[in-house]
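J.: Here's the letter readout for the chains.
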Amino acid sequence: MPIGSVPPKYKVTIDNDLCMLCERCIENCPYGTFRREGNKIMTFSRACTGCHRCVAMCPRDAIDIEEKPVDYRTHPVWTREAREAIYNQAQSGKIILTGMGNTLNVPPIFDRLLLDACQVTNPSIDPLREPMELRTYIGKKPRQISVKKTAEGDIDLATQLAPNLKCETPIMIGHMSYGAISLNAQRSMARGAAEEGTFMGTGEGGLHKSLYPYQDNMIVQIASGRFGVDIDYLERGAAIEIKIGQGAKPGIGGHLPGEKVDEKVSKTRMIPLYSDAISPAPHHDIYSIEDLSQLVRSLKEATEWKKPVFVKIAAVHNVAAIAAGIARSSADAVVIDGFRGGTGSAPRVFRDHVGIPIEAAIAAVDQKLNKQGIRNEVSIIASGGIRDSADVTKAIALGADSVYIGTAALVSLGCRVCGSCYRNMCPWGIATQREDLTARIDPDIMYKNVSNLIHGWTLEIAELMGAAGINSIESLRGNRDRLRGYMLDENILSVLDVKTVGAGAE
Amino acid sequence: MKQTRIIDAKGMHYTPLNQEIRAAVKEGVTEIILENVNGQRFIGNGLRGEDVTIIINGVPGGDLGMFMSGPTCIVHANAEHAPGNTMDSGEIFIHGTAGDAVAHSMRGGEVYVRDSIGYRGGIHMKEYKDKCPALIVGGGTRAFLGEYMAGGILIVLGRGKDKTPVDERGVGTGIHGGELFIRGEVPNHLLGIGAAKKPFTEDDREKIRPYIEKYCREFNVDEPELFTDEYVHIGPSSARPFAGKYCWE
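Protein chains in written order, with the numbering used here: chain Z, 1 to 506; chain V, 1001 to 1249.
Hints listed in this document are in silico derivations from the structure and should not be mistaken for laboratory results. Some hints here could point you the wrong way.
[What the hints assert, rightly or not] To give a feel for the contact side, a few chain V residues facing chain Z, derived at Cβ under 10 angstroms:
no., residue
1, LYS1129
2, ARG1217
3, PHE1219
[What the hints assert, rightly or not] Chain V regions said to be covered by chain Z (calculated; three or more residues, Cβ under 8 angstroms):
no., region
4, 1035-1041
5, 1077-1087
6, 1114-1124
7, 1136-1150
8, 1183-1197
[What the hints assert, rightly or not] Under 7 angstroms between C-beta atoms, here's a sample of chain Z residues computed to sit facing chain V:
no., residue
9, LYS94
10, ILE95
11, LEU134
12, ASP230
13, GLY258
14, MET270
15, PRO280
16, HIS284
17, SER293
18, GLN294
19, GLU301
20, ALA302
21, LYS306
22, ARG348
23, ASP352
These numbers were taken from a predicted model, which means no experiment stands behind them. Think of the CB as a built atom: it goes at the ideal place given N, C-alpha and C, for glycine as much as any other residue.
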């Protein structure tokens, strides 16, 4: 029996009194939501993804898009999403793909953590007239240092320091590969990161030539597919990251469909044109923490121990023990990606149901490494659902050294988080390789949006730190006494190692 | 002109050993002989140099020639796991057996193993334009041979094997490019999802001939049947093995 089609999610209407028939909506919507019939623009709401490109480009504000009221019988358990997923799978027998981050209504713990501020006895610091130290070094720190006196009476550092990344802000841009996103999006973010003295990840898609000018601000990634990886690639990166897991899809690999592997992507990834780029779930040379250690060391050996090596894992139940293993693997930083992390494409069931929140993961890892006396062995980079400078500050207070942003950086380029990244038709020119669409981003202009975003957040972090009487990011890191939990149960507070609101300092 | 340097690796950690190798290459040495190698990992990792040959007397540890771009490594013993891991170009000859994940994700160049190899041989090898990696195994292999292969050529000669040289499961699971040629027979139930048997043609025989000739030359093997016997040709059943697995939200 046919199930029939499901109702459209959005209702698109045009105010014909305002519309001047310029047809920009038709040009801008790759999904075919608009067409002209005589002296009217007609709409096909069923095609709309809610990306808002048409609304943004309409010179007369003649377009309205609203979420269409659910016309199924209202039910608290059998939601529209639950029912439509079943219709979809009953017809296809396939795995449902989706894009961007978790869409379930799971309240972020960040929103239930409140930051501290100084009042009378302990004055706050004014960032306008006091120096605020936000520079962050990512990499191994020595347990202790030794110095020696030179013949001239100067003091020299005798301890050999491990290579670190010097970031002027604790905000970096996470890994989004060329293939998953467009080169113009990557170029905008790379230049924006470089302007702010921070770093951006290449993702597992190789490093396109046009990004070479920013290579000193790029972290190259090596994942199970090893796409685009050769010694030249490894040497160009400021650091190397091994991707084991991703917050949006812990435990599974990646898959860039052949449609997105055009000539430039094929050249950068070093794979044939239009072939699927499959990254299997495990690295086939890593089946244990010892094997991981071997890959870390082989990367260091290949690059003559000049570059920090990071290991990225998804936040999962046993994340603290895994991170402790990574800390002992010679890695310089562990990247933890929480379950609200974004993606270009993931099975919906994974994105929404696998993994744990980044807030709990950071705190658990920081505590575990501290207890074992090896917190200095690795930096912690947190990612997955960082939405503003408050999230960054709270993540650092929970124990992170710095954060990666992903979706936030894309939003700074215009992304409306419509979640259709896997269709290769992103109207904002971000998650697509279609040249007519990628041309919508001019990296020489859009980089400023990225740089502005990081700059603005960095200013806010300085203000938040000053309000809490802290003038150095070092003093904020793992400083849980600057946080209080609001409407969080005792168990979560215990995992976070944070006191409840109303509790004073000990 | 050939310039040779001998390095005694006895008791040496792999990092100073690699530093000595790099320094020698930088000085223009074209042949490096490593004596008393005993499990040192990462030999030749990321090393460049088209005209450089490293002769290894002893057993190298894991990841021999990983990310290597150009040099030739000749091992006069067995090798540990993953020789040729993510190798870019160059050649590795192993006069003995090798461990698991031989030629893992190899992008270019050739790996020849005189005898047998372990699990996951040639896993995820890939190719791009003129870079077509090759793995030639003289003996047999264990399970998961050529899984996720995205390109390249993998030849198993089955020397010294009575029956099939590959008698464990998972041959070519998820393969979406490249080809396997296995001398003798491979039962259908050993093929993984996405792998398919194809006719072994005279063109195929000509295609694998130069690799077998090189194998025989390097390891001093004179077995004419390697050129005349039948091979099983395995390739991807589709270039898009997972295209039908997903639907949209």
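J.: Taking the hints in turn, state whether each one holds.
T.: Verification of the hints:
Here the hint on LYS1129 of chain V is kept, as its CB sits about 8 angstroms from the closest CB of chain Z, short of 10 angstroms. For ARG1217 of chain V, the interface hint is violated, the least distance from its beta-carbon to any beta-carbon of chain Z being 28 angstroms, above 10 angstroms. For PHE1219 of chain V, the suggested interface contact is broken, since its CB lies about 26 angstroms from the closest CB of chain Z, more than 10 angstroms. By the rule of at least three residues with a Cβ nearer than 8 angstroms to a Cβ of chain Z, the coverage given for the region 1035-1041 of chain V is violated, with 1 such residues.
Counting residues of the region 1077-1087 of chain V whose beta carbon lies closer than 8 angstroms to any beta carbon of chain Z gives 4, which reaches the threshold of three, so the coverage claim holds. As drawn, the region 1114-1124 of chain V meets chain Z at 3 residues by the rule of a beta-carbon pair under 8 angstroms; at three or more, the given contact holds. Counting residues of the region 1136-1150 of chain V whose CB lies closer than 8 angstroms to any CB of chain Z gives 3, so the stated coverage by that chain holds, three being the minimum. Under a criterion of three residues with beta carbons nearer than 8 angstroms to beta carbons of chain Z, the stated coverage of the region 1183-1197 of chain V fails, only 0 such residues being counted.
A cut of 7 angstroms between beta carbons decides the hint on LYS94 of chain Z: the least distance to chain V is about 4 angstroms, and the hint holds. Because the beta carbon of ILE95 of chain Z sits about 5 angstroms from the nearest beta carbon in chain V, less than 7 angstroms, this interface hint is met. A distance limit of 7 angstroms between C-beta atoms decides the matter here; for LEU134 of chain Z the minimum to chain V is near 35 angstroms, and the interface restraint is violated. Contact between ASP230 of chain Z and chain V, as hinted, is supported at the beta carbon level, the nearest pair being about 4 angstroms apart and thus within 7 angstroms.
Residue-level restraint check for GLY258 of chain Z holds (minimum Cβ-Cβ distance to chain V is 6 angstroms; threshold 7 angstroms). Hint status for MET270 of chain Z: holds, given a least beta-carbon distance of 4 angstroms to chain V, under 7 angstroms. The interface hint given for PRO280 of chain Z holds, since its Cβ lies 5 angstroms from the closest Cβ of chain V, which is under the 7 angstroms cut-off. Because the beta carbon of HIS284 of chain Z sits about 5 angstroms from the nearest beta carbon in chain V, less than 7 angstroms, this interface hint is met.
Contact between SER293 of chain Z and chain V, as hinted, is not supported at the beta carbon level, the nearest pair being about 11 angstroms apart and thus beyond 7 angstroms. Interface hint status for GLN294 of chain Z: upheld, as the beta-carbon distance to the closest one in chain V is roughly 6 angstroms, under 7 angstroms. Because the closest C-beta pair between GLU301 of chain Z and chain V is about 4 angstroms apart, less than 7 angstroms, the hint holds. Look at ALA302 of chain Z: its Cβ gets to within about 3 angstroms of chain V, closer than 7 angstroms, so that hint holds up.
Of the supplied interface hints, the one on LYS306 of chain Z is violated, with its beta-carbon coming no nearer than about 11 angstroms to a beta-carbon of chain V, more than 7 angstroms. Proximity of ARG348 of chain Z to chain V holds as hinted, the smallest CB-CB distance being about 6 angstroms (cut-off 7 angstroms). For ASP352 of chain Z, the interface hint is violated, since its Cβ never comes within 7 angstroms of a Cβ in chain V; the closest pair sits about 11 angstroms apart.
The structure is inconsistent with the numbered hints 2, 3, 4, 8, 11, 17, 21, 23, although it conforms to all the rest.
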